[in-house]
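Chain residues, written in single-letter form:
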Amino acid sequence: MRIGIDVGGTFTDVVGADARGRLTVRKTSTTPQDPSEGVVAGIRKLLRAAGAAERDARLVVHGTTIGTNALLERKGARTGLLTTAGFRDVLEIGRVQRPDAGLYDFNVDNPEPLVPRALRLEAVERVGAAGEVVAPLDEGSVRRAAETFRREKVSAVAVSFLFSFLRPGHERRAREILESELPGVHVSISSEVCPEFREFERTSTVVLSAYLAPIVETYVERLSGRLRKEYPAAELRLIQANGGGMRAAAAKGRAIHLVNSGPAGGATAAAFLSRRIDEPRTISVDMGGTSFDITTIADGLAHVTTDAKFDGFPLKIAMDDVNVIGAGGGSIAWVDAGGALNVGPRSASASPGPACYGRGGEEPTVTDANVVLGRISPDYFLGGEIRLDREQAVEAIRRRLCGPLGLSLEEAAHGILRVVNANMARGIAGCTVQRGYDPRDFALMAFGGAGPLHAVDLAEEIGMKRVVIPPFPGAFSAFGLLVADTRHDFSRTVMLKESGMDPARLAALFLGLEQRGQAELDEDGISERDRKILWSADLRFEGQSYELNVAVARRRRLAESDVKRLLEDFARLHERIYAFKAVDEKTVLVNVRVTSLGLSPELKLPRPPKGSASPKEACKGTRRVVFGGSALEARIYERSRLKAGHVVEGPAVVEEEISCTVVPPKRALRVDALGNLLIDVEGR
Amino acid sequence: MKTDPVTTQVIRYRLESIADEMGYTLVRTSRSTVIKEIMDITCAVFDRRGRTIAQGHHAPMLLTGFEITMAELVKRFQDWEEGDVVLSNDPYLGGQHLTDLQVFAPVFFKGKVAGFTGSIAHHSDVGGSAPGTVAGGLTEIFQEGLRLPMVKLCRAGREVEDVFGILRANIRVPDKTLGDLRAQVAAGFVGVRRLQETLARFGPDTVEAACAALMDQSERRIRAALKAIPDGVYTGEDHVDDDGIDDRPIRIVVNFRKKGDSVTVDFEGTAPQVRGNVNCPIATTHAAVYYALIAVLDPHAPANSGCYRPFRVEAAPGTVVNPHPPAAVQARTTTSQKIAEASLRALSKALPARVTAGSHGNIMTNAFSGWYPGTRRRFVCIDIQGGGGGARPAKDGRDGQDTHLARFMNTPVEAEELEYPLRVERYEFIPDTGGAGRHRGALALRRDLRALEEMTFSRYADRQKVPPFGILGGKDGAMGSTRVNGDRVKSKGMSTLKAGDVVSLCTPGGGGYGDPKERDPEQVRRDVRDGKVSAEAARRDYGIEV
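Line by line, the protein sequences are chains C and W. For reference, each letter of the first sequence is one residue, going 2 to 685 in our numbering. For reference, each letter of the second sequence is one residue, going 2 to 547 in our numbering.
You may find that some hints are simply not true.
Listed next, the in silico DSS-like pairs over lysine-lysine satisfying Cα-Cα at most 30 Å (straight line) [as the list claims (entries may be wrong)]: (1) C:K154 to W:K396; (2) W:K111 to C:K310; (3) C:K605 to C:K533; (4) W:K3 to W:K113; (5) C:K587 to C:K621; (6) W:K350 to W:K3; (7) W:K113 to C:K667; (8) W:K111 to C:K466; (9) C:K533 to C:K667; (10) C:K154 to C:K310; (11) C:K587 to C:K498; (12) C:K621 to C:K565; (13) W:K350 to W:K518; (14) W:K260 to C:K76; (15) C:K605 to C:K498; (16) W:K113 to W:K228; (17) C:K498 to W:K396; (18) C:K46 to C:K587.
In silico negatives: residues of chain C with every beta carbon more than 12 Å from chain W [said to hold, decoys possible]: (19) G87; (20) R99; (21) D110; (22) E180; (23) A338; (24) D390; (25) P504; (26) K533.
Bear in mind the hints are in silico, worked out from the structure with no lab data behind them. Bear in mind the structure is a predicted one, so any value in this text is a computation, not a measurement. C-beta atoms are modelled at their ideal positions from N, C-alpha and C, and glycine is treated no differently.
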């Protein structure tokens with residue numbers, strides 16, 4: 002049995018798939034002091050529900066937020082930084098730019114650096130822009146730094162020298178010295194964690210790595226030990242921010258890839274499903290209580306970025322490109338000084354929660370609006386776990402919004418939904434357009450507790466044509482862990498001009514990275530035929546400073562024609578994204594990248610029984626639901642009773658344990674062979 | 002036609018999304034470092050009367066300047082065709098300085114002009130006597146580059162080859178500049194398409210009503226904040242060191258005459274226009290005053306034309322804040338930053354808890370130019386440095402970060418060295434440069450660059466003679482300096498560097514806020530530990546032994 006287990010802030014989701022493709026889904030409470038406890042409990046609960054034995058647990062794929070939480074709470078290791086002499090402040094100077102929200106606001110700051118100035122020390126050395134040694138490494142300066150680090154009792158050190166991606170020798174030697182002088186102290190070097198140019202972003206990445214590695218490694222060790230004891234047959238894999246798995250043993254030294262992997266499960270699941278249902282262009286949205294995560298999927302693959310920020314800090318490793326905006330069920334609606342209705346980014350979160358939770362929340366939220374409009378049933382929220390108080394929701398909206406805005410109760414509630422949808426639509430437009438895509442060419446896949454409630458309205462707002470609600474949208478991220486391939490990404494900045502793009506030299510660069518990937522896959526125990534190796538390169542025109550990633554043919558002997566093709570492919574992609582054709586431009590090859598995949602065995606998806614066209618058997622009754630301006634009697638369906646082929650005509654609401662899908666009037670929902678709910682939104 | 006508050010907000014998100022999309026398109030399609038790394042750009046959407054209805058979140062200095070340009074544009078052209086694009090950079094027609102190229106496109110809906118899109122971007126070079134127009138000693142706008150007084154760059158969607166020909170023949174790096182200009186055109190058209198879609202979706206009347214409502218909302222917010230300030234005249238002053246030609250300080254005075262829920266701003270007492278290039282064109286002057294007022298009154302009011310309605314700005318012609326042509330204006334940022342600083346100083350008398358102490362007060366702008374070794378290819382490397390922000394009512398200044406008006410990024414050391422024959426030898430904070438205070442002013446930055454080939458080094462910097470002021474008992478911040486091989490050189494000027502010469506750029510630090518004796522001793526100790534403040538300065542300024 003394969004088991005995916007996703008630890009969230011409140012709940013731990015577990016999904017298991019047996020050999021016949023039967024899926025079992027369970028939820029347990031997260032155990033924040035030691036999340037590994039909840040993990041083991043979750044597996045136990047799942048096995049019991051599936052009627053499986055301990056030894057049936059063969060593979061456990063785990064998504065952890067331990068690194069994310071350590072960063073958000075600033076509970077990482079006491080970290081020192083060693084830089085090239087003259088550059089210890091690069092980490093704090095950053096790009097000198099105040100944050101967006103600080104355009105006019107004097108009080109908004111970039112995050113304080115994770116290493117205070119007193120722990121940022123310098124080594125005498127310098128490598129030049131051509132990779133030449135300008136000043137050799139003064140080993141005495143490294144030893145003196147080690148002495149200070151020892152005195153200051155740091156437990157991790159990051160090393161970042163200029164141009165180390167061209168010549169890593171100085172950093173490696175510094176690490177040797179630091180490790181021998183400081184036994185037990187974790188050392189990360191930038192040429193290994195992120196061998197790419199731009200010193201601030203690279204330094205920030207290696208500092209994050211050093212700051213978080215000790216905590217993440219300790220956790221992984223503890224969890225491995227616990228699992229070995231309880232489920233000796235189970236192999237443990239961890240999900241990385243790039244959406245791929247990594248064997249637990251590899252986490253040592255590469256812990257940074259496990260950080261910010263929270264949203265990767267959802268993105269991976271969405272990409273997997275988009276291939277299965279032949280919607281290779283999909284935007285997946287995961288809407289929960291406080292946030293709205295957006296991922297663009299093209300050609301059936303989640304978009305990967307190497308240019309992301311993590312709680313305000315640049316993190317330059319390959320990651321699923323998930324954009325987060327502050328919109329969710331708990332987002333608070335408020336009227337600003339100019340009399341405009343705003344929703345979010347402040348959230349009522351779980352405590353006190355929306356007004357309708359009846360736990361003292363007085364501010365109206367998105368969930369309150371959904372309750373007032375009849376879209377959420379007060380008796381069936383989170384499967385009946387929380388009984389909602391509609392009166393409190395009404396009261397909050399009346400008091401805070403109706404008066405100041407001069408709107409009726411239903412207008413105000415509907416207004417909350419329209420504003421939050423418009424905000425989410427802006428988020429979706431932003432992250433697709435940045436990549437040269439038009440969101441209207443994509444399907445919208447919505448999950449998370451609140452996603453299916455808003456999906457159709459959101460698609461209409463943007464002009465997207467199809468909505469897909471996957472099975473068990475509340476635990477979809479855990480499902481993503483089940484289907485994730487093993488993945489290792491390696492890259493290197495090479496900065497080759499066209500004249501330097503010699504095929505033999507390029508092949509050697511790729512093969513060098515590939516060797517590292519293959520070695521990892523060997524360690525993973527992945528057989529030759531389950532491996533897939535992808536080569537790609539980041540290119541740009543001379544003088545530009547943003548690169549585009551282009552696939553490269555993988556051949557032991559690259560030919561001139563391969564290089565020519567690469568340049569042509571780049572020019573074509575450039576034209577698609579940037580809408581202008583470059584004439585007489587010289588191209589620069591900035592980075593080479595190798596992705597090494599160990600393919601997971603094909604997962605059979607369960608198929609619900611086929612039904613006739615009429616979903617009458619799944620109908621639980623009717624309820625008054627407000628759509629646009631008018632209240633209508635909507636049919637209410639139980640999703641677990643819907644069968645493949647059923648067509649649900651709007652107005653309707655399809656309810657399930659953790660979520661519900663709203664079908665407006667004149668729209669129809671169809672259940673496909675895999676149990677997905679499809680709603681076509683073509684034509685207004 | 003009426004709209005409701007919800008539709009208004011939905012349309013607002015749409016319009017802001019359009020400005021954002023234009024910005025993404027521009028940044029990603031442009032060529033030059035100034036646009037891509039430094040992000041000295043702004044995009045905006047205007048109604049058919051040229052009023053700003055939404056703007057991308059980039060540089061406020063460029064944002065608010067659009068108002069005057071648009072008023073001129075709408076007056077000047079009546080013969081629009083769909084697909085037209087107008088190019089302008091004339092500081093005497095609402096422009097900023099010549100290197101800031103503005104591109105506007107009309108938005109047609111059902112055969113009529115329903116709005117405009119616009120972008121402004123700082124280009125690496127527009128010709129003139131110095132690369133990137135970075136030089137002291139220029140006295141007329143004619144020396145500063147090609148002046149383009151609102152010309153049609155495209156007609157009905159086709160490039161006007163004559164204009165492109167003139168540009169190509171008059172600028173040093175035509176491939177970059179024309180590439181960037183085309184990026185601006187592409188961004189403009191993206192905005193046009195999206196605005197047309199919005200008009201089709203909601204109907205032009207509803208969009209117009211929503212825009213009116215949005216401007217009213219912003220106006221209400223600003224007026225409400227103004228009302229809370231006692232009526233009266235608030236005056237603040239500051240100085241530009243010199244204009245690079247005549248060695249004497251240039252006085253900037255800002256007077257706010259606040260009454261009820263509006264304010265009139267004049268500059269009585271300000272110096273007449275000068276020979277050097279620090280004259281500040283009227284659009285930039287407006288931007289500086291608007292910036293200070295909005296930052297102090299309501300920094301999160303949606304940025305549109307409504308924000309400016311309660312303000313009246315009267316700048317006497319012939320002064321350094323509203324010069325007559327053909328005064329040189331390239332380094333106007335030096336003066337505009339002082340206008341903002343003088344404004345904050347004035348407003349500190351009304352709202353001490355909402356202002357900051359004096360900041361670096363200029364953008365240290367440097368251009369290194371020469372020929373790539375062994376080629377006929379020229380390079381122009383623009384290196385911009387911010388500096389220290391003033392201390393704030395509840396916090397220290399942001400060490401080494403940009404402040405006020407412009408918003409830009411530095412160029413990574415590695416990016417600079419990979420592209421140009423320069424080697425950066427240090428990039429770090431300078432200890433003891435932040436003015437002492439209950440809250441400390443920010444530390445200044447130092448960047449040393451070694452020329453690896455012969456090249457020219459042109460520059461303008463300021464706050465090397467008049468320090469950033471402290472307020473409410475805070476001490477002044479340190480002044481900046483420019484050195485070649487250790488020797489001071491003029492802040493505004495041009496030098497030739499031999500291979501091996503080292504340029505040392507030191508920005509000013511920020512002023513302090515409040516009495517240093519009231520500073521939390523633990524913060525002083527932390528600063529000493531971090532080497533941001535020396536033990537000696539801790540004793541001298543704070544009376545604390547460490």
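Now the hints, each set against the structure:
no.	hint	verdict
1	C:K154 to W:K396	29 Å, holds
2	W:K111 to C:K310	43 Å, violated
3	C:K605 to C:K533	21 Å, holds
4	W:K3 to W:K113	21 Å, holds
5	C:K587 to C:K621	65 Å, violated
6	W:K350 to W:K3	41 Å, violated
7	W:K113 to C:K667	35 Å, violated
8	W:K111 to C:K466	26 Å, holds
9	C:K533 to C:K667	46 Å, violated
10	C:K154 to C:K310	29 Å, holds
11	C:K587 to C:K498	8 Å, holds
12	C:K621 to C:K565	62 Å, violated
13	W:K350 to W:K518	22 Å, holds
14	W:K260 to C:K76	51 Å, violated
15	C:K605 to C:K498	47 Å, violated
16	W:K113 to W:K228	40 Å, violated
17	C:K498 to W:K396	47 Å, violated
18	C:K46 to C:K587	60 Å, violated
19	G87	3 Å, violated
20	R99	6 Å, violated
21	D110	6 Å, violated
22	E180	26 Å, holds
23	A338	5 Å, violated
24	D390	25 Å, holds
25	P504	23 Å, holds
26	K533	30 Å, holds
The structure fails to meet hints 2, 5, 6, 7, 9, 12, 14, 15, 16, 17, 18, 19, 20, 21 and 23 from the earlier list, while all remaining hints are met.
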